[in-house]
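Asker: Chains as they are written, first to last, in the numbering used here: chain R, 323 to 653; chain F, 32 to 515.
To be clear, the hints were calculated from the coordinates, so they are not data collected in a lab.
Careful, some of the hints might be misleading.
Stated by the list, open to error - Pairs of lysine to aspartate or glutamate residues, derived as EDC-like cross-links and limited to a Cα-Cα distance of at most 16 Å, are as follows:
hint : chain 1 : residue 1 : chain 2 : residue 2
1    : F       : Lys314    : F       : Glu82
2    : F       : Lys359    : R       : Glu483
3    : F       : Lys104    : R       : Glu483
4    : F       : Lys264    : F       : Asp292
5    : F       : Lys406    : F       : Asp100
6    : F       : Lys449    : F       : Asp390
Stated by the list, open to error - Across the chosen pairs, the derived CB separations fall in these ranges:
hint : chain 1 : residue 1 : chain 2 : residue 2 : range
7    : F       : Glu148    : R       : Lys495    : 33 to 43 Å
8    : R       : Gln381    : F       : Glu232    : 18 to 28 Å
9    : R       : Leu559    : F       : Ser394    : 53 to 63 Å
10   : R       : Glu483    : F       : Ser394    : 32 to 42 Å
11   : R       : Leu435    : F       : Ser445    : 34 to 44 Å
12   : R       : Leu435    : F       : Lys504    : 51 to 61 Å
These numbers come from a predicted model, not from an experiment.
Here a beta-carbon is modelled for each residue, glycine too, at the ideal position from N, C-alpha and C.
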Amino acid sequence: MEKELYLNPQELRKFKIKTGIGRFFIYLFTIIMALFILIPFLWMLLSSVKETWEITAEQVTFLPTSLTTGRSLWPWDWAWDNYGNLLKGITRIDESGREYSVFDPIPFGSMFLNTIVVGFFTTLGTTVTTILAAFAFSRLNFKGRDTIFAIMLATMMIPGEVFVITNYMTLSKYTYWIKSPVHFENYLALIVPFITSVFYTFFLRQTFKQIPNELYLAAKVDGTTDFKYLLKVMIPLGQATITTIIILSMIGTWNAYIWPRFVTNAEYTNQLLVSNGLMVGLQGASETTGPNSVLNLQMAASTMVTIPLLITFFLLKKYILRGVSRSGIKG
Amino acid sequence: MKKNLVLLLFILFAFTLVGCKRDKGITVRFGVISGQISQAIERLQFKQRFEDANPGVTVEIVVTSGGYDELRKQTILDINSGNRVTPDLVLGYPDHFAEYFGGGVLVNLQPYIDNEEYGYSQAELDDFVESYLNENKGFDNDNPNDIYGLPFNKSSEVMIFNKTAFEIMFGEEGWEERVPTTWEELETLAEEIIEKVEDGELDDHWIETADNPDTEKNEETKRSISKLLEEDKFVPFGYDSSGNGFITLTRQWGGAYTERDNVAKGYILFDNPKSKEMMSYLKDLNERGIFNAAANYGSTYCSDALKDLRCLITVGSTAGVRYNESDKYEYELGVAPIPYKEADKKFVIQQGTNIGILDVKNSEEELLAAWKFLKFMLEPENTAAFAMETGGYFPVRKSAYEDEEYQTYLSNPSDDKKAYSQAANIALNFYIEDYTFFVDPAFIGSSTIRDQVGNLFDDVLVNKMEVNAAYSKYYRALQPYVRS
Numbered sequence: 323m324e325k326e327l328y329l330n331p332q333e334l335r336k337f338k339i340k341t342g343i344g345r346f347f348i349y350l351f352t353i354i355m356a357l358f359i360l361i362p363f364l365w366m367l368l369s370s371v372k373e374t375w376e377i378t379a380e381q382v383t384f385l386p387t388s389l390t391t392g393r394s395l396w397p398w399d400w401a402w403d404n405y406g407n408l409l410k411g412i413t414r415i416d417e418s419g420r421e422y423s424v425f426d427p428i429p430f431g432s433m434f435l436n437t438i439v440v441g442f443f444t445t446l447g448t449t450v451t452t453i454l455a456a457f458a459f460s461r462l463n464f465k466g467r468d469t470i471f472a473i474m475l476a477t478m479m480i481p482g483e484v485f486v487i488t489n490y491m492t493l494s495k496y497t498y499w500i501k502s503p504v505h506f507e508n509y510l511a512l513i514v515p516f517i518t519s520v521f522y523t524f525f526l527r528q529t530f531k532q533i534p535n536e537l538y539l540a541a542k543v544d545g546t547t548d549f550k551y552l553l554k555v556m557i558p559l560g561q562a563t564i565t566t567i568i569i570l571s572m573i574g575t576w577n578a579y580i581w582p583r584f585v586t587n588a589e590y591t592n593q594l595l596v597s598n599g600l601m602v603g604l605q606g607a608s609e610t611t612g613p614n615s616v617l618n619l620q621m622a623a624s625t626m627v628t629i630p631l632l633i634t635f636f637l638l639k640k641y642i643l644r645g646v647s648r649s650g651i652k653g
Numbered sequence: 032m033k034k035n036l037v038l039l040l041f042i043l044f045a046f047t048l049v050g051c052k053r054d055k056g057i058t059v060r061f062g063v064i065s066g067q068i069s070q071a072i073e074r075l076q077f078k079q080r081f082e083d084a085n086p087g088v089t090v091e092i093v094v095t096s097g098g099y100d101e102l103r104k105q106t107i108l109d110i111n112s113g114n115r116v117t118p119d120l121v122l123g124y125p126d127h128f129a130e131y132f133g134g135g136v137l138v139n140l141q142p143y144i145d146n147e148e149y150g151y152s153q154a155e156l157d158d159f160v161e162s163y164l165n166e167n168k169g170f171d172n173d174n175p176n177d178i179y180g181l182p183f184n185k186s187s188e189v190m191i192f193n194k195t196a197f198e199i200m201f202g203e204e205g206w207e208e209r210v211p212t213t214w215e216e217l218e219t220l221a222e223e224i225i226e227k228v229e230d231g232e233l234d235d236h237w238i239e240t241a242d243n244p245d246t247e248k249n250e251e252t253k254r255s256i257s258k259l260l261e262e263d264k265f266v267p268f269g270y271d272s273s274g275n276g277f278i279t280l281t282r283q284w285g286g287a288y289t290e291r292d293n294v295a296k297g298y299i300l301f302d303n304p305k306s307k308e309m310m311s312y313l314k315d316l317n318e319r320g321i322f323n324a325a326a327n328y329g330s331t332y333c334s335d336a337l338k339d340l341r342c343l344i345t346v347g348s349t350a351g352v353r354y355n356e357s358d359k360y361e362y363e364l365g366v367a368p369i370p371y372k373e374a375d376k377k378f379v380i381q382q383g384t385n386i387g388i389l390d391v392k393n394s395e396e397e398l399l400a401a402w403k404f405l406k407f408m409l410e411p412e413n414t415a416a417f418a419m420e421t422g423g424y425f426p427v428r429k430s431a432y433e434d435e436e437y438q439t440y441l442s443n444p445s446d447d448k449k450a451y452s453q454a455a456n457i458a459l460n461f462y463i464e465d466y467t468f469f470v471d472p473a474f475i476g477s478s479t480i481r482d483q484v485g486n487l488f489d490d491v492l493v494n495k496m497e498v499n500a501a502y503s504k505y506y507r508a509l510q511p512y513v514r515s
């Protein structure tokens, strides 16, 4: 009788082989998928440290190669100058000793600063409005609550790009913020339209809904106000979701391109954000009508703006994944 | 905690209340694209100089990141949003202006030009290159000669070649005579180049890999052009822009391309024997290994091939001449006019944008200020300065070529402008008088047609499509533009 509880060795071997093969294919698949994602990144990194001649040469090389020997170079000999050139610009001196610029520096300092400022206030605004709205929709009872919520959800069906147009029209009609030479006003144009989010409200409302009613009633019995209950109970319990919202909102600002491009006058380089700043900065070197020979600088610039985001991702990976996997959706 | 939150909310709302009042002076907004053009405008201080001369007027240069199409989209959005953010002056191609005209916001410049006080005299108007002005006419069917825009940054196409290779092949004395002026000469020359390359005449001149100081072996090798030819990687002549190639050469062969009824409606005409003859001729050259489109070299621009010595002659934009300089191989560049087929059809394309004035609820003072700023930027010394600063563009007025600084630029340029200066000389000495600058009539959709004929060109030369089949394919794709 007891023997039947165990698989016989033959079965066990079969089982092991089966799972082994299964696992092999799973790993193979994962590795191939990972390569699909990693190779463009790797290519970006390698291209960013190649010389210009190598980028445009007919022979495609994987690692940076020496012009004189044609062999792959050691990492310390790679064209790390590309990064310096982005910051310093490239100047040359002609025969008469006059200095001229062939590539103007990209204002990374103000680009990063602006993005952080805009990201901070947008996130702050989003978090505050989202928490209050999610609380109202999940906990407070008022007339038309579900109707309003349904209308809000319906707006999610409309692509974000469409809102860009209406937001632009509203702001240009009622404010002076669009393309304003005043830096503060430009901040307002970048921040104010994004201090609310239907998606995050919905996201947080679902979390708040899971908190049992009994807690609320118990708090009420103890004489707590709604606001205090929100601060002391709901927010700490919804912390994980709120953290996710904060992170996703920050990443959203970092990646935003269409809106900043529309509302910022690229003439004022100190007002540029990371995304549109890159476009403006690199355009000086690669005219839309001219051959695009500065791919290495473009890749270096892309690497420069990706790295902060990558570091943030690895530091906060736990929270980002927790939020995303809990909801099963990504912002 | 509660207090802090209330405070934060208060700050956020305070943000939304800022920016309600502003004093109303006259502001001229000039919409341009980022890059070379906006940088040149900034360096030449057009804004400051105009403001100093016209107290009470503020100029705002509004730079849109991206290309002309982005500027067009942004401007259309601005027009729909109301007057505050719409540029008063905007840079654009004639087909963009056609859209603004259709929207009823493009200002007719004729009354300003004719005005005795602040307009142009006949002599001044004649000073503009005529074809540049013609491009901006024909918007209004009732008054087809009314001008709706003025030229700003104008470029063209030139033939760029590896001068050093010419010197090697044809001798330091005789090479100049071998620079082809017609397609026939080009064909003969290309055949001769191929023979010379086969014989290895160009093989020992450009170092591919040099001695490596770290090893004892002598590793110096030279770029072998003959080997490239064997591998079918060397084709002596390339045409950069497929769209321009098709349009220019159709004209040179005597064929028609498009015609328009008015700015809203135009038609294609390129399915004609002349145009097909041209395409078959190019296909034949391509099959014989003489001629390539940029895509045949695996690039967007032939300059990549020229820099890599896989090509010796290209036709490309004057704005991109400098991109043909290589950091790897040492050679000098030569610039010449593009080849023509017959002496009475020396057509060369005219590229680049114009400036128009937009009126979205503007006051007359604002429109006048915009006109004055436009006029200021086109003063001979300013258009010359702009041409020199950007390099690839030409002055739009003939007298600008007489400008002292511009003369120096033409005869004795600084290193960085050498190639551009050569191109400007070509424009001055050949194109303006001897060649016919052309631009195709702009109408809504003309840029789509341009893109499609570029694809046709590539389909025949790169995808080896049969000529008749390619024409039928693109006529089907452009069905809305076929006159029924």
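Asker: None of the hints should be skipped; say for each whether it holds.
Answerer: Hints versus structure:
no. : hint                            : verdict
1   : F/Lys314 x F/Glu82              : violated, 55 Å
2   : F/Lys359 x R/Glu483             : violated, 44 Å
3   : F/Lys104 x R/Glu483             : holds, 14 Å
4   : F/Lys264 x F/Asp292             : violated, 45 Å
5   : F/Lys406 x F/Asp100             : violated, 25 Å
6   : F/Lys449 x F/Asp390             : violated, 41 Å
7   : F/Glu148 x R/Lys495: 33 to 43 Å : holds, 35 Å
8   : R/Gln381 x F/Glu232: 18 to 28 Å : holds, 23 Å
9   : R/Leu559 x F/Ser394: 53 to 63 Å : holds, 59 Å
10  : R/Glu483 x F/Ser394: 32 to 42 Å : holds, 34 Å
11  : R/Leu435 x F/Ser445: 34 to 44 Å : holds, 36 Å
12  : R/Leu435 x F/Lys504: 51 to 61 Å : holds, 52 Å
When the structure is compared with the earlier hints, violations turn up for hints 1, 2, 4, 5 and 6 and for no others.
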